[in-house]
Amino acid sequence: MSMRKQGPTRRTLLGAAAAGAAFGTLPGLIRPAAAANDFKIGLFIALSGPASLFGPTQRASAELAADEINKAGGIMGRQIKLIPTDAGGPPAETTKSAIRLMLEENVDVFVGSHDSATREALVGTIKGKVPYVYTPVYEGGECAFNTYVTADTPEQQIRPSLSWMMKDKGAKSIYMIGDDYVWPRKCNEQAKKYIAENGGKVTAEEYVPFGAPNKFEEVVTRIKSAKPDAVLITLVGADNVNFNRTFAGFGLDKDIARLSLLLEENTLHGIGADSSKNLYSCMSYYENAPSEAAKKFKAAYIAKFGDKAPQLGRIGADCYEGVYCAHALVTKAGGTDAKKCMAASEGITFPTASGDVTMHGRHVDKTMFLADCNGTEFNIIKTFADIKSGDECKA
Amino acid sequence: MDPLIVTQAINLVYAVSTLAVLALGLAVIFGLLGVLNIAHGEFIMIGAYCAYVTQSGGLPYLAAVPLTLIVCGILGWAVEWIMIRPLYRRPFDTLVATWGLSLLLRKIAEAIFGLGFYSVNIPVHGTVGFLGTEYPIYRLLLIAVSLLIVVGLVIWYGRSRTGSRIRAMVSNPELAQAQGISVRRLAAGAFIVGTCLAGLGGVMIAPLVPVQPFMGLDYVLRAFFVLIVGGLGSVAGLLSGAAVIGGVDSLISATSSATDGYFAVLVLSILFLWLRPRGIVAYS
Chain G
1 MSMRKQGPTR RTLLGAAAAG AAFGTLPGLI RPAAAANDFK IGLFIALSGP ASLFGPTQRA
61 SAELAADEIN KAGGIMGRQI KLIPTDAGGP PAETTKSAIR LMLEENVDVF VGSHDSATRE
121 ALVGTIKGKV PYVYTPVYEG GECAFNTYVT ADTPEQQIRP SLSWMMKDKG AKSIYMIGDD
181 YVWPRKCNEQ AKKYIAENGG KVTAEEYVPF GAPNKFEEVV TRIKSAKPDA VLITLVGADN
241 VNFNRTFAGF GLDKDIARLS LLLEENTLHG IGADSSKNLY SCMSYYENAP SEAAKKFKAA
301 YIAKFGDKAP QLGRIGADCY EGVYCAHALV TKAGGTDAKK CMAASEGITF PTASGDVTMH
361 GRHVDKTMFL ADCNGTEFNI IKTFADIKSG DECKA
Chain P
1 MDPLIVTQAI NLVYAVSTLA VLALGLAVIF GLLGVLNIAH GEFIMIGAYC AYVTQSGGLP
61 YLAAVPLTLI VCGILGWAVE WIMIRPLYRR PFDTLVATWG LSLLLRKIAE AIFGLGFYSV
121 NIPVHGTVGF LGTEYPIYRL LLIAVSLLIV VGLVIWYGRS RTGSRIRAMV SNPELAQAQG
181 ISVRRLAAGA FIVGTCLAGL GGVMIAPLVP VQPFMGLDYV LRAFFVLIVG GLGSVAGLLS
241 GAAVIGGVDS LISATSSATD GYFAVLVLSI LFLWLRPRGI VAYS
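Sequences listed follow chains G and P, in order.
Be aware that the first sequence starts at 1, since it is given in my numbering, and climbs by one per residue.
Be aware that the second sequence starts at 1, since it is given in my numbering, and climbs by one per residue.
In short, the hints are calculated from the structure, not lab data.
Check before you lean on any hint, since a few could be wrong.
Below are the EDC-like pairs computed for lysine to aspartate or glutamate, each with C-alpha atoms no more than 20 Å apart in a straight line [to be verified]:
id: 1; chain 1: G; residue 1: 295; chain 2: G; residue 2: 377
id: 2; chain 1: G; residue 1: 277; chain 2: G; residue 2: 229
id: 3; chain 1: G; residue 1: 224; chain 2: P; residue 2: 134
id: 4; chain 1: G; residue 1: 224; chain 2: P; residue 2: 2
id: 5; chain 1: G; residue 1: 254; chain 2: P; residue 2: 134
id: 6; chain 1: G; residue 1: 394; chain 2: G; residue 2: 365
id: 7; chain 1: G; residue 1: 227; chain 2: P; residue 2: 2
Since the structure is predicted, the reported quantities are computational estimates derived from the model, not experimental observations.
Chain G with its partners taken away, still in its complex shape:
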């Protein structure tokens, strides 16, 4: 399979770097055998389970970042080697993998794009021994030692979009529906503050079991009878699709606006054009985000993976910034020492799929986009520039 003979031959640093650069252009299946001084990144992504539809994009985006960095000399002269690891199953399984990666693989950094329940379990397992970068969209408040967050926070995602919905669209009463786990519940806690600030009220707050085969006729009927101005949706994946299709099926889409907090390209394809009217999303990246960096990122992604590349979206493209964050962090700290990394994290600047960001308080300030769903495409209607994370952790 590999063109290289595997054996005990030691390679010089230069040789390994050259080979790495040469192999970087080959498809992802053929990877060079790990050199002893590779910079190993344990990449927690969804390879199985309901979130695994994001897996191919997560992996491809991380590979793109690793390739770019490796071609430019790697991290402190060491070539990045990604170790994609499944985080799509129960959190307890993922923590087992984390222990294995720390003890057997001696990974240098963890980068994770997965749900918050898994993040909480991982933080408790890694215990700050290895720098851990968390990337997708989250509920805020993660300040664990040696943990770095590039995810969209409620202050960035929920406050501007919900305020817009209430001020510009005149929504006064909000119905909350979400999956029953930590991310939706904490997001709704934050959202209640923003709703109160804007003089609105919460009509009801409702959750469905996470991971159960849910159907939404009863929920939608309740919403219909409650007559809210808008629905705030913290359902994920297939639940998000089922709910929105049922919602439109019952004809509620005409009068009631919907704001979904985890709605990216894949999910919108599932919701479909006939159910996406009056539906809004707010994230720091869309495939057609109106920024030069986003266009460049997409061009590089298509150049590397071709037209059949996995669908781009915030969940997936976040792994690109995760690898770059690790690069900036370790380079500035001069290694992976926890205390040095903690000190170095303040003020590092690194690229994301939609532009450079700077880290403050182990979170990043970023530009957010508000999108109106137009068929199965996002139509960016507003840009919120340089929003503070609102979640700065103490050093």
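Put chain P on the given structure of chain G with help from the hints.
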């Protein structure tokens, strides 16, 4: 009457009737042949993909029905011939074999279509005034079609010659064979009917849910609950199981919350397995 109560009542009827149809294929295969078909959900998934393929080919929604019958029929025939036939009367082995089959079918779907979500457009849009409330037309049609399928099958099973042969095969295979009934062909036929019914269920729900390789998992569990509670081998069992599981879930979801509804379904299934393992309508 309060439109909220009326709508929730129709939701309940909808939940029960669609559940009965989605469990029907499994009821045929598990109830008549004793084969625990874990891949039942994957045949539903294949039906849903057939609806998607028909739509992307520019054909009308109903063209998915013959396509599904062909695809699920051929697949069912091949699976029965290669995998199930050597394993009759070895329920645990069929369970393991069909579990493997479900993994294989999911991976094949993934290889062809990828992991992404697809949506099938609703063939009949909009809502209609019904008993003083607005209800989606497509869901009302689904209720009607589900009842037609179940009632049609009941009549056919009770009145036709093939139906009586199947009953003969189920109650005493050796005697049926001695009477000149080809048990092997009959069993293969029943298996194919089961996979085709699962596929049809998939076509019916495809416009309501995301079409993706994992979707079958959502239905196989509920279909098993229906059979556990209702009992195997009879239409009355299937209907009472669907009524209890779908009805309790829908009722509690409507009056309390979806979490409580799901909890009730799990508790009920456990209680039935524990206290009445042969179900409401035990086959004698």
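Tested hints:
no. : hint           : in the structure
1   : G:295 to G:377 : holds, 16 Å
2   : G:277 to G:229 : holds, 15 Å
3   : G:224 to P:134 : holds, 10 Å
4   : G:224 to P:2   : holds, 13 Å
5   : G:254 to P:134 : holds, 14 Å
6   : G:394 to G:365 : holds, 16 Å
7   : G:227 to P:2   : holds, 15 Å
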